[in-house]
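A.B. asks: Next come the chains, spelled out residue by residue.
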Amino acid sequence: AQSVAQPEDQVNVAEGNPLTVKCTYSVSGNPYLFWYVQYPNRGLQFLLKYITGDNLVKGSYGFEAEFNKSQTSFHLKKPSALVSDSALYFCAVREGGGNKLTFGTGTQLKVEL
Amino acid sequence: KAGVTQTPRYLIKTRGQQVTLSCSPISGHRSVSWYQQTPGQGLQFLFEYFSETQRNKGNFPGRFSGRQFSNSRSEMNVSTLELGDSALYLCASSLVPGEVGDTQYFGPGTRLTVL
Numbered sequence: 123a124q125s126v127a128q129p130e131d132q133v134n135v136a137e138g139n140p141l142t143v144k145c146t147y148s149v150s151g152n153p154y155l156f157w158y159v160q161y162p163n164r165g166l167q168f169l170l171k172y173i174t175g176d177n178l179v180k181g182s183y184g185f186e187a188e189f190n191k192s193q194t195s196f197h198l199k200k201p202s203a204l205v206s207d208s209a210l211y212f213c214a215v216r217e218g219g220g221n222k223l224t225f226g227t228g229t230q231l232k233v234e235l
Numbered sequence: 187k188a189g190v191t192q193t194p195r196y197l198i199k200t201r202g203q204q205v206t207l208s209c210s211p212i213s214g215h216r217s218v219s220w221y222q223q224t225p226g227q228g229l230q231f232l233f234e235y236f237s238e239t240q241r242n243k244g245n246f247p248g249r250f251s252g253r254q255f256s257n258s259r260s261e262m263n264v265s266t267l268e269l270g271d272s273a274l275y276l277c278a279s280s281l282v283p284g285e286v287g288d289t290q291y292f293g294p295g296t297r298l299t300v301l
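First to last, the protein sequences are chains G and W.
Counting the first sequence from 1 gives a position; this note's numbering is that position plus 122.
Counting the second sequence from 1 gives a position; this note's numbering is that position plus 186.
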């Protein structure tokens, strides 16, 4: 069965500093990996995905993620954090077949002035 | 393009009642999936529909059911509501499920409170 782990419940970073939100996964086949962001009282907003190809994936709002097959990781990064990036971030994996996404527990990102 | 829409946005019900939630996918999207989000269990997959057929189902009791119409709109129903059914119910749509690059886009959710 597929699974996703987000080891940090919360990440705090100062505005202007780089940020990293960690994600590791477990699948038996090829992983299709996704990052979503959720603002209070809102649904999930798609940020980026890894399907195949380059290990560095670029997404919306300056976010990028690095796929590492040997470490089974897909960490979300941004070179310079903004206060408006403060939100709940979810990593998800889809394993072939249908559309079932398995989500991590989420990481609350807090960007402070 | 308009995004995924869900109605109603908020619902308050009492135990034992039933509820129906509605989801309209992005225009041209033919797949709809439903997820439940709670503080305790996080985001959990409920079911997935494509071409009016349920393709996949999560580990939820039979009280949770759904359907998809020919215009790809979907409804989910929860019967005999329990307190533990209080949650944010999220609908997601995509073009064709299972295709390598397929991406799910989520609606704003329906917040269900069971008293």
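It should be emphasised that the hints constitute simulated quantities derived from the structure, not laboratory data.
Where hints are given, some of them may not hold.
Said to hold, decoys possible - Calculated pairs, BS3-like style, for lysine-lysine (alpha carbon to alpha carbon, straight line, at most 27 Å):
1. G:Lys171 with W:Lys187
2. W:Lys243 with G:Lys171
3. W:Lys243 with G:Lys180
4. G:Lys199 with G:Lys144
Note that the structure is a prediction, hence the values are computed from the model and not measured.
A.B. asks: Which numbered conditions among the earlier hints are violated in the structure presented, ordered from lowest to highest?
C.D. replies: 3
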